[in-house]
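Chains as they are written, first to last, in this note's numbering: chain S, 5 to 320; chain A, 240 to 538.
Treat the hints as calculated values from the structure; they're not laboratory data.
C-beta atoms are modelled at their ideal positions from N, C-alpha and C, and glycine is treated no differently.
Treat the hints with caution; some may be incorrect.
Unchecked claim - Derived, one-sided and incomplete: chain S residues facing chain A with beta-carbon distance under 8 angstroms: (1) Ser35; (2) Trp39; (3) Asp106.
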Amino acid sequence: LGSTNDEEEGGAVAASECHRGIFTLAGTIPSQMQWRDMTYQPVRGPIWTVSEGINRSVVIEGDTGIIAFDTFGSPMAAIAYRMAVQRLFPDKPVHTLVYSHDHLDHTGYASDFAPDARIIAHELANDVIVARQSDGQLSATETWTGRQQEYEIDGVRFQLMYPGPTHGTGNCAAYFPEQKLLFWVDTIIPGVGYTYLPDWHLASYLPTVGSLLDLDWDVFVPGHFWLVDRAGYRRNVQFYEVLLDAAQRAFVEGVDLDSLPQITAWAREKLRPDLGTLFRFDEYIGMNVMRCIWHFLQGGWGLAGNVRLPESGAHD
Amino acid sequence: MTEHRGIFTLDDVEPYLAEEADLEVTELGPRLWSATDGTYRTIFMDAGDGVVAWDTFQTPGRARSYAQAIARTIPGKPIKWVVYSNDHLDRSGFAADLAPTAARLADRRCAEVITLRGADGQLPATCIVEDDWERVDVGAATFEFIFPGFTSATGNRASYFADLRVLYMPDTALPNAKYSMLPNYHVRPYSAAMRQLLVLEVDTFVPGRWGIMTREQLVDALDYFDAVHDVAQQAFAENVAVWMFEPTEAFVKEKLRTRFGHLEGFEDHVGITAFRFTHHYLTGGWGMEDTATPSAGHG
Numbered sequence: 005l006g007s008t009n010d011e012e013e014g015g016a017v018a019a020s021e022c023h024r025g026i027f028t029l030a031g032t033i034p035s036q037m038q039w040r041d042m043t044y045q046p047v048r049g050p051i052w053t054v055s056e057g058i059n060r061s062v063v064i065e066g067d068t069g070i071i072a073f074d075t076f077g078s079p080m081a082a083i084a085y086r087m088a089v090q091r092l093f094p095d096k097p098v099h100t101l102v103y104s105h106d107h108l109d110h111t112g113y114a115s116d117f118a119p120d121a122r123i124i125a126h127e128l129a130n131d132v133i134v135a136r137q138s139d140g141q142l143s144a145t146e147t148w149t150g151r152q153q154e155y156e157i158d159g160v161r162f163q164l165m166y167p168g169p170t171h172g173t174g175n176c177a178a179y180f181p182e183q184k185l186l187f188w189v190d191t192i193i194p195g196v197g198y199t200y201l202p203d204w205h206l207a208s209y210l211p212t213v214g215s216l217l218d219l220d221w222d223v224f225v226p227g228h229f230w231l232v233d234r235a236g237y238r239r240n241v242q243f244y245e246v247l248l249d250a251a252q253r254a255f256v257e258g259v260d261l262d263s264l265p266q267i268t269a270w271a272r273e274k275l276r277p278d279l280g281t282l283f284r285f286d287e288y289i290g291m292n293v294m295r296c297i298w299h300f301l302q303g304g305w306g307l308a309g310n311v312r313l314p315e316s317g318a319h320d
Numbered sequence: 240m241t242e243h244r245g246i247f248t249l250d251d252v253e254p255y256l257a258e259e260a261d262l263e264v265t266e267l268g269p270r271l272w273s274a275t276d277g278t279y280r281t282i283f284m285d286a287g288d289g290v291v292a293w294d295t296f297q298t299p300g301r302a303r304s305y306a307q308a309i310a311r312t313i314p315g316k317p318i319k320w321v322v323y324s325n326d327h328l329d330r331s332g333f334a335a336d337l338a339p340t341a342a343r344l345a346d347r348r349c350a351e352v353i354t355l356r357g358a359d360g361q362l363p364a365t366c367i368v369e370d371d372w373e374r375v376d377v378g379a380a381t382f383e384f385i386f387p388g389f390t391s392a393t394g395n396r397a398s399y400f401a402d403l404r405v406l407y408m409p410d411t412a413l414p415n416a417k418y419s420m421l422p423n424y425h426v427r428p429y430s431a432a433m434r435q436l437l438v439l440e441v442d443t444f445v446p447g448r449w450g451i452m453t454r455e456q457l458v459d460a461l462d463y464f465d466a467v468h469d470v471a472q473q474a475f476a477e478n479v480a481v482w483m484f485e486p487t488e489a490f491v492k493e494k495l496r497t498r499f500g501h502l503e504g505f506e507d508h509v510g511i512t513a514f515r516f517t518h519h520y521l522t523g524g525w526g527m528e529d530t531a532t533p534s535a536g537h538g
């Protein structure tokens, strides 16, 4: 009987037509090869945003080339992203790629997007990326540590900020003080939370996201869906406050804590008056509540899920 | 609030925390019993001059009920040791109510998380177990305390009683399909780690929830986990919209109902369990524990 379950290097991945992420199925993976049309629009100064309607990222025009964030979530999406950037800036190569965090749906396919770029990631994210051994996800060429790092690359100034555990591992915001713009993936997203809040770290989430309201910005680019202002950001923070309270009340209101159908019915009834108009309310509010129920039932998950930060103060 | 609150922040939850129950106790063999409130389950053992209690149940009220059940079964002997199977509050959260002066034994990874969490009522471990396979002797009780690899929670260990051919490991395999969203399961290493335990001579597997299982039921449970995993991966690969619950649920039910539809909870749970697996492939796994080399994180 061994005591570790580390896999043999490269053992799970077979050769195929495209990078496979961590899929272990033999043969073609159709979802990895699905074409994604990208749209792009200028935001401020040299900063553009690119989206296929669900995921979103930013690219910045430097003096000689492009600084891009993330890769989108499949090989074909990464290729579509690359082609969109080439169309916008035909004479400027992507020389720098910045990873927001470790997840494959955002940073899984640098091999298809910009395989020769300098890649910057927080050390916490990169440690997971290296350990994951995912096909197509390149590890960083340089990492940073701590809570904040300033960069000036090809005439573009920005700060990478790791304010604490929020979602994924080593998830960083990018702050552009001259443009008063904040980009942060899988934290603030318009509407209710995504599905069952996958890999969210709820113990530290609210004070951490709240802390970035202390920065001087007025446009926020999320990793999904549309841009918001400070009021939109605050509304999303308040949603999580309501959600966490509701999950606790479920414990004393006779809800079967194991049953997603029961939790969903209860959550829709109780929360519809205050939250019912939010994007994806009916779709995900039950799963959102269920995830928070497990948080209170079990405690946070792992070391990242149990970091405790002081509550942030009132903002604005 | 007078009850230990774990990490709850609302006082309104006190009735939930305080509620006690009459636990059902089943003898597993000489000096070893299992206790359940109908949902959660654990074990305790007569160690001669005291009792070893595994885990604490999920609330202060249930922890007191557990102490009462132990006192009824083994009268006159104090709980001198509490073994933490893992860090979760619904497993090991309320030693302050069960046996505040007992020695508390835990895996090193589990102990680290408990200390960091600082939950009200969850007492830090006093005896840290370093080796992944350690024979433990407390009083007249002997068992193997085994970390087979990353399965769920942090530092989750099995307790093996070789002479009785009994294995206890919570938050891993279940006798039904009630896995919900696989809360804090480490999807990638789970199956290989659990299947390592099958080399042990086991007739009885005691899960952390629901009924006591046979070895055959344990094997079936691991097969069910792998089957849902495989079909969920197939759903994602075949372009079932990964962000939509209903199509994912319909896909896995169609594929798995014939073989596993008899399992209690299948209709309510298989969809959300599969949804957890599809997002494993979307995101790549959660944290270091859910990578190809999970031991790189905790050593």
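So, going through the hints one by one against the coordinates:
no.: 1; hint: Ser35; in the structure: holds (5 angstroms)
no.: 2; hint: Trp39; in the structure: violated (12 angstroms)
no.: 3; hint: Asp106; in the structure: holds (7 angstroms)
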